Amino acid sequence: MSQDNSRADFTISKVGVIGAGQMGSGIAQVCAQAGYEVLLQDLGSEQLDKALAGIEKHLDRQVKKEKLSDKDKEAALKQISKATAISELSGCDLVIEAATENEDVKRSIFHELCEELKENAIICTNTSSISVTRLASTTDRPGRFMGMHFMNPVPVMQLVELIRGIATDEDTFATIRELTERLGKTPVAAEDFPAFIVNRILLPMINEAVYTLYEGVGSVEAIDTAMKLGANHPMGPLELADFIGLDTCLAVMHVLYDGLADSKYRPCPLLVKYVEAGWVGRKAGRGFYDYSGDTPVPTR
Numbered sequence: 002m003s004q005d006n007s008r009a010d011f012t013i014s015k016v017g018v019i020g021a022g023q024m025g026s027g028i029a030q031v032c033a034q035a036g037y038e039v040l041l042q043d044l045g046s047e048q049l050d051k052a053l054a055g056i057e058k059h060l061d062r063q064v065k066k067e068k069l070s071d072k073d074k075e076a077a078l079k080q081i082s083k084a085t086a087i088s089e090l091s092g093c094d095l096v097i098e099a100a101t102e103n104e105d106v107k108r109s110i111f112h113e114l115c116e117e118l119k120e121n122a123i124i125c126t127n128t129s130s131i132s133v134t135r136l137a138s139t140t141d142r143p144g145r146f147m148g149m150h151f152m153n154p155v156p157v158m159q160l161v162e163l164i165r166g167i168a169t170d171e172d173t174f175a176t177i178r179e180l181t182e183r184l185g186k187t188p189v190a191a192e193d194f195p196a197f198i199v200n201r202i203l204l205p206m207i208n209e210a211v212y213t214l215y216e217g218v219g220s221v222e223a224i225d226t227a228m229k230l231g232a233n234h235p236m237g238p239l240e241l242a243d244f245i246g247l248d249t250c251l252a253v254m255h256v257l258y259d260g261l262a263d264s265k266y267r268p269c270p271l272l273v274k275y276v277e278a279g280w281v282g283r284k285a286g287r288g289f290y291d292y293s294g295d296t297p298v299p300t301r
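Remember, my numbering sits 1 above the position in the sequence shown when you count from 1.
One should not assume that every hint holds.
Listed below are the simulated EDC-like cross-link pairs for lysine to aspartate or glutamate, each with C-alpha atoms no more than 20 Å apart in a straight line [to be verified]: (1) LYS58 - ASP73; (2) LYS79 - ASP94; (3) LYS68 - GLU57; (4) LYS284 - GLU47; (5) LYS83 - GLU117.
Calculated from the structure, these hints are not laboratory results.
Given the structure is predicted, the values throughout are model-derived calculations rather than measurements.
Use the sequences and the hints to build the structure in full.
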């Protein structure tokens with residue numbers, strides 16, 4: 002079979018990131034620090050401004066800790082530009098989607114994106130649980146599509162899960178693996194099963210911690226203290242759930258429960274109630290802890 006020269010000569014220099022939330026801004030930051038030109042896209046200018054302010058704040062902390070020079074900080078910030086329309090990503094070599102963990106939203110984004118991107122551009126999704134193969138089928142380039150699941154917070158966490166869809170080309174996987182290493186991250190290959198590796202293990206643990214609270218086995222403080230001191234976890238599972246976002250936790254549990262058809266993945270009713278109440282964690286000011294004061298206070 003003859004080699005596709007357009008792919009053989011393919012290099013990534015310009016990266017688009019869709020979604021300027023916590024994950025998207027973190028991805029934009031690490032890409033910029035690695036020397037890539039970055040276009041961060043979101044629907045609202047306010048969210049983009051907030052994201053850039055957050056990136057600058059994080060870089061300032063690195064400078065203060067002498068992990069980064071002022072020159073490198075300014076260079077990284079200059080690498081990032083804002084975009085409010087997906088059409089502005091047309092010149093990107095790689096686009097990483099980091100929108101909300103909702104399959105319909107992601108499908109809509111990919112449909113619009115494929116109408117704008119050049120033919121050989123790669124699309125990656127930062128989904129933490131949804132089938133990469135199914136998302137790829139929405140696009141016009143399933144061979145140039147794969148999962149690139151960063152951990153939160155992106156600038157700090159070392160791991161990136163790389164997930165092939167059934168149609169992902171080997172050269173696409175190799176290109177993204179090389180890029181991941183250039184970002185200073187450690188890539189781990191995961192099969193395209195619901196929630197992949199980390200969340201397949203982590204989220205059922207969090208869900209079980211919520212069941213432990215729901216059944217009155219322990220209070221929020223007791224459960225988190227027990228796991229921090231008894232299992233040497235840096236954060237308790239309920240504190241971690243608030244950090245991730247209870248809505249995200251619930252979405253992943255639904256994917257596991259629906260995808261694996263096993264009752265052990267049934268979301269705890271208390272988790273469902275909190276999400277329905279809008280108590281989804283730190284970003285909402287309340288979850289298993291109340292964040293309205295200077296110090297988080299357990300709510301149960």
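Going through the hints against the structure:
1. Our distance criterion of 20 Å between C-alpha atoms is met by LYS58 and ASP73, whose separation comes to about 14 Å.
2. Distance hint between LYS79 and ASP94 is fulfilled; the C-alpha atoms sit about 19 Å from each other, no more than 20 Å.
3. For the proposed pair LYS68 and GLU57, the alpha carbon gap of about 14 Å is at most 20 Å, so the pair holds.
4. As the CA atoms of LYS284 and GLU47 are separated by approximately 16 Å, the hinted pair is consistent with the 20 Å bound.
5. For the proposed pair LYS83 and GLU117, the alpha carbon gap of about 17 Å is at most 20 Å, so the pair holds.
The structure meets every hint from the earlier list without exception.
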